[in-house]
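J.: Based on the provided sequences and hints, a complete structural model is requested.
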Amino acid sequence: MKITDVICPFCGCLCDDLTVTIENNRVTGVDNGCALAEAKFMHTGRLNNPIIKDGDRFRETGYDDAIGAAADILKDSERPLLFGWSGTQGEAQCSGVHLCELLGGVIDNTSSICHGPSILAIQEVGHPGCTLGQVKNRADLIIYWGCNPVEGHPRHMSRYTNYADGFFLENAFRERKLIVADVRKTESANLADEFIQIKPGGDYAVFSALRAIIRGKGDILPDYVAGVAKSQLERVAKMCLEAKFGAIFFGLGLTMTKNKYKNIRNAIELTDLLCRHTKFTITPMRGHWNVYGSNEVMTWLTGYPYGVDFSRGIAFYNPGETTAIDILAKKECDAMFVVASDPAAHMPKKCAEHMAEIPVIQIDPHINCTTLLSDVQLPVAVTGIETPGTAYRMDGIPLRTKKVIETVYPNDTEIIDKIYKKVLEVQKK
Amino acid sequence: MIFHMITGRTVKQGEGVEKKLSADYKKETSACRMNPLDMMDLGLNEGNHIKIISDYGEVVMTAVEDKTLTAGMIFIAYGPYCNVITSHDTHGTGMPDYKSTPVRIEETDEDLKTVEELFRGMGGTSL
Amino acid sequence: MKTVRLKRKDIKNPYLPVEAEKITTETFLNNDISEIRIWSGNQEKILEDLFTVDTEGEADTAEDVHIILSGDCSKVKRVGEYMTAGRITVEGDIGMHCGNFMSGGLIEIKGNADSWLGREMRGGEIICRGNAALYCGSGYRGEKKGMRGGLIHIEGDAGDFLGETLWGGKIIVDGNAGNMPGAEMQGGEIIIGKDAEIPGANMKDGVCIICGTAFDILPTFMLEDGKKNIDDFKTGFFEFSGDHANRKPKGRIYAKDYRIHQ
Amino acid sequence: MSELLVKNAFVIDPLNNINGEIMDIAVKDGKIVESVKDTSNTIDAKGNLTLPGGVDSHTHICGTKVNFGRYMSPEDMRAGRGRAQKYMYPVSGYSVPTVYANTYRYSSLGYTTVLEGAMAPLEARHTHEEFSYNTLQDTMANTLFDGNWAVMEAVAENDLKKVAAIVGWTLAAVKGFAVKITNPGGTEMWGWGKDVGCMHTKVDHFGVTAAEITDYLIRANELLNLPHSAHLHNNNLGKPGNYKCTLERMQRTPDLNDKRQTLYMTHVQFHSYGGSKWADFCSKADDVAWMINRKPQIAIDMGQVMFGKTTTMTADGPMEFNLYRLYNNKWSNHDVELETGSGIIPVLYSKKNLVNSIMWSIGLELALMTKNPWQCMLATDNPNGAPFVKYPEVIALLMSSKYRDEEFSTLQKDTEKRVILPSLDREMDWNEIAIMTRAAQAKALGIVDLGKGHLGVGADADIAIYPVKTGDIDPTQEYEKVIEGLSVTTHTIKRGRTVSKDGNCLVFGDNATIWVKPKISENYDISKDPEFIKRFERYYTVNMANYPVEEEYINRNICIETETEL
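Chains as they are written, first to last, in the numbering used here: chain F, 741 to 1169; chain E, 2 to 128; chain Z, 15 to 276; chain V, 56 to 621.
Derived by calculation from the structure, the hints in this document are not laboratory data.
What you are looking at is a predicted structure, and each value in this text was computed from that prediction instead of being measured.
Heads up, a few of these hints could be off.
[Claimed, not checked] For lysine-lysine, the following DSSO-like pairs were computed, each having C-alpha atoms within a straight-line distance of at most 30 Å:
no., chain 1, residue 1, chain 2, residue 2
1, E, 20, F, 1143
2, V, 101, V, 83
3, V, 572, F, 1143
4, F, 1143, V, 406
5, V, 556, V, 216
6, V, 406, V, 332
7, Z, 36, V, 141
8, V, 407, V, 332
9, F, 1070, Z, 21
10, F, 984, V, 332
T.: Below, the structure is given as structure tokens:
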């Protein structure tokens, strides 16, 4: 059986044109998808049953037992951290926020370690953006800054930018110019008309320099800015000003490097400035398929996109204080609830060490690094393959991911709702 | 010599995110890619084991040549290996220095740890 | 004059943050301290659960109250929030957000201060004998105006984003400042005794003085002709105008020495 | 199911011509009935003012741009934080608060039905997801067609029925309620950083004008026999001299419907500006009101501005960019492919500012000079003019010239040279306020037949009881009591249940989404049109199969199926 128009639950591109072949309730083929999509749909490495840590080993158990154990840990916690959320359905994210309010915990999603700094920048200066189709149909200049779509978002260029058809471009591939800015010559950079190679940590200065050039203050600049020749910057500024529609995409090369969110603020201010001359937009290359959904859900429920502290029953937000890395590294939480992400694999060692010290509950279909630090893990259905649910694309478009095969596993929402009920029950006692 | 460590996504690392205890994932995330000239300076050949040391820890990886990197820069795919040496300092922004931790590199005879061994060292449980 | 001595009790989890915005001078005008609530993690407590309290003397106005904090207060946040008058002395370290929105009075910290010291401060004075961590004298997320008045004096070093979005008032750091002091500043004055990195990024107005070396000065700052004397002691400083990434900026950086970002 | 009796209610129910009578209201199974047998469940209204539940016919509470307003504004969020209560979740925010905050605050103001003013079809799921948390009001969504490529192409082909076919399919697919046109043509031009002005500039490439787009959508709306009329945010919003554009739009609107208006023009305050630049900016509310008074086919809402901080948000991308250039504060923009755009900036309306003071005056002038209150709804274009929590103050201003004069004396002093407000002595009565806040809105939206906006037998038992005894206070003098009395109901009853009492919500709530599904014959089913499909698949970045909003998103819902001429 072939199922068409399937949405890929891997990266923020949320490609919705996959065709998945199913035989005997197993995915046997994925058409149109990239290598990452194929790996996702043909996944292995599942955890079969709930497990509970017992001494220095795990033992298998039933769902009721594991839910009870999870509720016991959470009810005793004076500062639980609920982390993850980017790899699950919007419905589960909503349940997670409500659970956090009930517990008086801190809820944070993986954006604090991907585009959280972009959000901080947006909160300072706003965000001139658009949906990806706007870029595909109009843009004659594409800029990838600090990101490598060939590796990170393999179909981004073919669906939305350089290799996509465009309504207003006769020959989109030829008419579109591509600029790539990075600290190293990535595969994406090899495709560029103009490659800006910046010394690590120099992005901020380069944005400032471009703004000065566009304001007619180029004369004050030195010959080189962060390793980039002034003549190249002038050329790039000219390309931007001559574009009818320019679209900047940026990645973790800006958020994770020195100056963090200030890099993005500067990039946005450059975009704002260019909008006074022509049309420009800027879009973060969101990583996890539904990380933007976790920001949306948390925003409409709590008012803030990530890093929300409900310790006192009201929402308090201050990334750097209420975000997962800071809390773990400073040992400020006494229990952790992980849903649909693998912090142990992606956080600095000091954070993992604290996870080993405190009780950790994980809701995830797979055995992963966090499993090794968990006290309880409940396996669930894979959202977007075994259970449907809402997801938000990197440009904010909401889509409903599909269920393509049957499963015996409950989904994230069901498990979290059960834990919620159980916590209510034990709190009353 | 101080190297500037950048960590990031790769296709192979992405393919492995749901099988993190596999040999493929280990291979991809424990590869330290570096400029060939830097390798020459350190007397390293492709596949040599190296110890990478930062203010935050040390870890054994495999040296892999990568001409896209300029001298003084190393690239490691996201994963449990680079985490051992990554700075957890977020500078008040929530984001650690995933792309800006300074490290030192030495050749070593030590073996690479498996992912499970790495976590056992931090207090994790074996499966 | 009323003196209130608060000593942090030993508790089982020393890492758990405590929120204690009630520890401010006005609170102790009332002699009944049994109703003073503070939070330890998600648990609402009364002050005496976490502190031993020892009061002497009487006061009719906040001006006459002196709070002395001792014991490990490095996780005690929001002390002196909205303080208008009087005095707080911290014998050791203090947690985040000390002196938020403070408009008058004096806070003296004998140890180190954690991040967001004097956030959105309006007036009064904070002296920190040790180091101050990140975002000292800064604003809040998304808010255009940061500290608007008053004085913060750090005798040690300050961390990154010192005086971010500074709008008014004065910050003095005797030691080094971290990355990006005075980012987005639109007024006020920052004086750094030693070195700093990327000062005044995107500033529109205000003054940032660096008595040591200003590292990685942004290329969008323009070196003005001739050297300047700030006062009798700070002489022969380089003067930069900027940040010229902005339209008609009025900001000034003075530095004893500098390195251009290259 | 349950029965309820509201006793001793001082009822004003304009749609049923009840203007202040003490009555009992009987409720059974969520509807108003003649009488009930079981009187165990009784609310004593004690002679207090009792109105049909409030209806807001133009507000921004749910969806992509509203949420982006929240996302970018932690400084606004911290202004309105509250903790959980038994039936209330924690809330945050003032001008763009969280969904729960909106629904709780609307409920304590006595509102039971709200219309989200702008939903991009491509992002409709988002609006519906948020609707499901807006539990205490029934919800519906204006659906944006201002820059819809297929519509513009059909207009260029002079094919009215095709326009209707596209609109009909889209509304049903995205579970929308009405046709919204925001700066027609302008949002498409904004894709190139341009605007259309008013209203005869041709849109690049598509070759149609704003006037034509609106003309066609007005007629298509009637062909589809939709409950609400076309709902227009006109071109040139916020520009000095734009009143001419407003007048021309009114002038060229035909009268096509005898049950309601043919065109709903929203936040007309922002469209009644004289002058040619900010320096000679002035009110032209008298000209605009004069036209409204001659045109029964037009209904408007005020778009009142109130002083203080708020956040502006609209699908009108180019307008928000112009505002950004004035304020130089943060600015967000979000263009939606093939459909529309949007923009957001925070603003501060200040009494010290001459332009702001004139804007404040214009909104009130419009309401006071529109003779027929059924043609003028009370709204602030929440949160653009002000957050809706200011409605009681707006009402008090309309009821008291004393209050207006007192406020006026605190404005920038040149204001009096640019407006006529001080010369207006009309003071509205309770009945007129009831019309402007529920009855006229329900009528304009075409939902009276669904049982909204009135308290007749068969109506939904959506009832608001305010702690106001109209006989005991003189609203022309005691405006503070008006504000206080209308700010928090003693009871807000939704579908027969008390959902909010003295500002506390008593239930989690269970709203319904009202949407339309025009019945269109096979021949006009645009989703089967090969050319439409081809262009869709080629230029959208979402496959057509993934575009329609699934039933899962509208659990409780009321579908209005309409008989059409297609």
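J.: All the hints need checking, so say for each whether the structure fits it.
T.: Quick rundown of the hints versus the structure:
1. Taking the CA atoms of residue 20/E and residue 1143/F, the gap is near 22 Å; set against the 30 Å cutoff, the hint holds.
2. The straight-line distance between the Cα atoms of residue 101/V and residue 83/V is roughly 21 Å, inside the 30 Å bound, and the hint therefore holds.
3. A distance of roughly 27 Å separates the Cα atoms of residue 572/V and residue 1143/F; the hinted pair therefore holds under the 30 Å criterion.
4. Using a Cα cut-off of 30 Å, the hinted pair residue 1143/F and residue 406/V is violated, with the two alpha carbons roughly 56 Å apart.
5. For the hint linking residue 556/V to residue 216/V, the alpha-carbon distance of about 49 Å lies beyond 30 Å, and the restraint is violated.
6. Using a Cα cut-off of 30 Å, the hinted pair residue 406/V and residue 332/V holds, with the two alpha carbons roughly 20 Å apart.
7. For the given pair, residue 36/Z sits about 26 Å from residue 141/V by alpha-carbon distance, which is consistent with the 30 Å threshold.
8. A C-alpha spacing of about 19 Å is found between residue 407/V and residue 332/V, which places the hinted pair at or below 30 Å, so the restraint holds.
9. At roughly 23 Å between alpha-carbon atoms, residue 1070/F and residue 21/Z fall within 30 Å of each other, so this suggested pair holds.
10. Of the pairs offered as hints, the one joining residue 984/F and residue 332/V holds, with about 29 Å between alpha carbons and a cut-off of 30 Å not exceeded.
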